[in-house]
Amino acid sequence: GENVEQHPSTLSVQEGDSAVIKCTYSDSASNYFPWYKQELGKRPQLIIDIRSNVGEKKDQRIAVTLNKTAKHFSLHITETQPEDSAVYFCAPHGSSNTGKLIFGQGTTLQVKP
Amino acid sequence: DTGVSQDPRHKITKRGQNVTFRCDPISEHNRLYWYRQTLGQGPEFLTYFQNEAQLEKSRLLSDRFSAERPKGSFSTLEIQRTEQGDSAMYLCASSLRGHVEKLFFGSGTQLSVL
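Chains A and B, in that order, are what the protein sequence lines are.
Mapping of the first sequence onto my numbering: position 64 corresponds to residue 64, and the numbering continues sequentially without gaps.
Mapping of the second sequence onto my numbering: position 61 corresponds to residue 1061, and the numbering continues sequentially without gaps.
Hint data in this document are derived by calculation from the structure and do not stem from the laboratory.
Incorrect hints may appear among the rest.
Below, a list of computed lysine-lysine pairs in the DSBU-like style, where the Cα atoms sit at most 30 Å apart [to be verified]:
| id | chain 1 | residue 1 | chain 2 | residue 2 |
| --- | --- | --- | --- | --- |
| 1 | A | K68 | B | K1057 |
| 2 | A | K68 | A | K22 |
| 3 | A | K57 | B | K1071 |
| 4 | A | K42 | B | K1011 |
| 5 | A | K42 | B | K1071 |
| 6 | B | K1102 | A | K58 |
| 7 | A | K71 | B | K1011 |
| 8 | A | K22 | B | K1102 |
| 9 | A | K71 | A | K58 |
| 10 | B | K1014 | A | K58 |
| 11 | B | K1057 | A | K42 |
| 12 | B | K1057 | B | K1014 |
| 13 | A | K58 | A | K22 |
| 14 | A | K42 | A | K22 |
| 15 | B | K1102 | B | K1071 |
| 16 | B | K1011 | A | K68 |
| 17 | A | K68 | B | K1102 |
| 18 | B | K1057 | A | K22 |
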């Protein structure tokens, strides 16, 4: 089955700095690469995604980059703000996963004011 | 409310009791998923439906767990003879035909088994 790992497991940055979270996966058939954000006590929410025919996608302060050869993709957050503090999950998906998403173990991001 | 709704939000039960949770997906979404999440972990897949058909079940889903989606709309997840290890957040999610990978989660049902 799919093996998904995130690094680091925790990340602490000063407000205004950048943060990068990496997700490594094992299934070479994966073709969809989303990132979810879960604030404390709330539901996971999709914040950005990318498909395998694209190398990078940006949405304001967040971006996702994909390296299919190395089987990893990363979440980049620039100009971090305290409201970016949350747990972030990657969930690579491909045909071998059938209908389900397999989530990573999560990265806790703390942005200090 | 146009989001995924789950009921109840919290459930406290004694070991050995049966519990049932309900999920109402976004109305036009044909896929419905159940996940379980424990503190400090990512959501773990349990099962999913496409319309009323249950298409996949995780090995995590023992015979004490059963899920239904009888009319392809709402779904129920029942846990029989609850154990302390069943204590977790049970999350429901739905997705739309043509965008099946984009999951919209409900707020979850927090189960505590005493």
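Could you tell me which of the numbered hints above are not met by this structure, giving the numbers in increasing order? 3, 7, 10, 16
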